[in-house]
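Protein chains in written order, with this note's numbering: chain A, 889 to 1160; chain B, 1420 to 1846.
What the hints contain is simulated information worked out from the structure, not anything from laboratory work.
Heads up, the beta-carbon is just placed ideally off N, CA and C, and yes, glycines get one too.
Among the hints, erroneous ones may be present.
Here chain A is said to cover these stretches of chain B; the calculated rule only asks that three of the stretch's residues, wherever they fall, bring their Cβ under 8 Å from a Cβ of chain A [as the list claims (entries may be wrong)]: (1) 1474–1488; (2) 1507–1513; (3) 1580–1592; (4) 1614–1621; (5) 1646–1659; (6) 1695–1705; (7) 1805–1818.
Now the in silico label distances, taken between C-beta atoms and shown as ranges [to be verified]: (8) A:1032 - B:1755: 52 to 60 Å; (9) B:1537 - A:1023: 54 to 62 Å; (10) B:1801 - A:1142: 17 to 25 Å.
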Amino acid sequence: MPNTTYPGNQLMRTVRKLAAAGLAGATLTGAALFGAASSALADSPAPSPSASAHDAAPTEAGTAFRTAVAVHQGQQATASASSGDYLYWMFPADAGQRPTVTAKVTLPEAASRHGASTWRLDVYDGLRRRQPCMYGMQSRSAAQDAATVELSCTLRPTVAWADTWSTDPLPGTYYIRLTALSLPDADRGLPFKAEVEPTVLDTGGAHAVDGKLATPLGAKSGVEPDGGWASGRWTDRWLWTVGGGLLAALAGVAGYNLTRGRGRPSRVPRGV
Amino acid sequence: MITRKRLAAGVCALVATFATGILPAAGTASAAPQPDGQPAQAAPKVDLVLDVSGSMRTADIDGKSRMAAAKQAFNEVLDSVPQEVQLGIRTLGANYPGEDRKVGCKDTRALYPVGPLNRTEAKTAVATLAPTGWTPIGPALQGAAEDLKGGDATRRIVLITDGEDTCQPLDPCEVARDIAAQGIHLTIDTLGLIPDAKTRAQLTCIAEATGGTYTSVQHTDQLSGKVKQLVDRAADPVAVPVATTGTASCESAPQLKPGLYTDREKFAEHRSYKVDVLPGQELRASASIGMDRQTNPDYGVMLRAVTVHGREIVRGSEAGDGRTDLISTGLRYPKAPADDSDDKTPETVCLQVSNSFSAGPGVKTDPGLPVELAIDVVNGPDHASDVASFGLGRGWWLLGTLALTGLVAGLVWGWISRWRIAVWRTN
């Protein structure tokens, strides 16, 4: 899944990055040097405040919500486990992002297996509420001789605020659970490998709503998107609305000009 | 690019102006993203329980005896145990070679006590082992739980065996569930060496009863790799829940602060807990119920926030079927800010966790199913005055409408001014 970015969000990110860089720069150089620092920062790409995007991908998985292993957006986590285990990871998703989790299970050697198995991928939000998948094969059966199973789950786009009685996805931590839903008893405990990758698609302001959580769900788990959580003040609706206002002004001028005809009427004398 | 440069310069100037005042505050705010803000963790404890029964003589793992494979794996594991882990080794069936079942079924002892590891001593102790007696898994697990007693650390038993328990009627699976129910955060991982169907069933049951994992071992490297993985897993810091006991009614329910709690809930039972929420705060709660034994295939869980007068505020519920480790749900309850900002009277919210698990015939319902309750109280959300973000619009229809409105306004304005000129000229 490509990490498509809308122009609005790109702008927001640039602004955010510049602000963060400005803050860091000011701390380091002090007030006297801010002019030099700002030009230097503008010329070179701003160093991300948390260089966590380049952490090594996790090679283990947790076995419960409490022990879930953190994965960055767009990072591929791997794990080796015994079939029948429940594997947990967690990743952050911010408002306006639509997460997709893909998983690939490399099954135990076909020779050691005794029948077909069914594998399943579940995604839970920061309140441990199961989230439905909009698209994707969340559960799939593997024939006895199959080598791999691929699963995927695309969540609904996260919104910044929702009614308490809805289970709409909110910004925060999301938990991934991967397990065998059914397998022959004789195949329990055989070694398998799993790969999991959470990616997000930026949906721009299409799902922007008013209101905002004070703290993202599951904030205690300590995971957050590279570059931090969005402030909630930016939405590309500002661009659309301002653009609409400009268009309206231009159209207004055009309309006014239409009624005026071509310039000043010739019969009106000069200097009146 | 020029705009961006200007923007950066502007931001820097702004920040520099306020730097002295703002930065200390910003520093403290971003300094502590520690998960759960827990103090230094107690050293995690691991007890490796090794079967040294007569059947370990069988030479079917990579051409070597099961015992030799286990010894080799232990040596590799002992070399790579993380510094902070307190490791112990317990054997079962290592000493009594006789036929007396009563004596044979008590044959378990701590080979190396749980504590800071001396690798050489531990390896020497393992080297002396020779396959001997019976397979008293139940008593060995009880002994291992005893070894791990004390402190508030995470505890893990790694049981390595090649056969089922030969000391019935004490069912090791029941033993495991009882150990888990003592609320001492103990996980039992089981490894079966070339297991048969009965062994597999028993080891799977033990692992599931405590939230552990079961592995079937066919090769030596697989054994050492798995044990290493399990020991490393024990070393990972994790939030340790606090045991609590909910009650059937709200009045007598225990008062909980934000944190992580465990409890045990019987089949189709509900339990209540009380939490205080100040005006302008949001209560967040998640409950999960573990499936630590065979239950009927369809089940559910419900978490309700209820006022002290019994009015339901909000609920979270989830149902499912089939194989699972747990079923969980959660809820949010933002309490509206008080009209009077000095009003700091907390509201007591009652959290009710109920389940709709049911057990088939012959399934023990005691102790209850493990419940994990996560409670958090955070600042309330910003309320929405409009569904759309800041009341702004978006899309081509919006642009078209605004442009058309502008055009019409321009036309009207133009006509009016023309009409005014005409009127002025006439006069």
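Here's how the hints hold up against the structure:
no. : hint                        : result
1   : 1474–1488                   : violated (count 0)
2   : 1507–1513                   : violated (count 0)
3   : 1580–1592                   : violated (count 0)
4   : 1614–1621                   : holds (count 4)
5   : 1646–1659                   : holds (count 6)
6   : 1695–1705                   : holds (count 4)
7   : 1805–1818                   : holds (count 12)
8   : A:1032 - B:1755: 52 to 60 Å : holds, 58 Å
9   : B:1537 - A:1023: 54 to 62 Å : holds, 56 Å
10  : B:1801 - A:1142: 17 to 25 Å : violated, 40 Å
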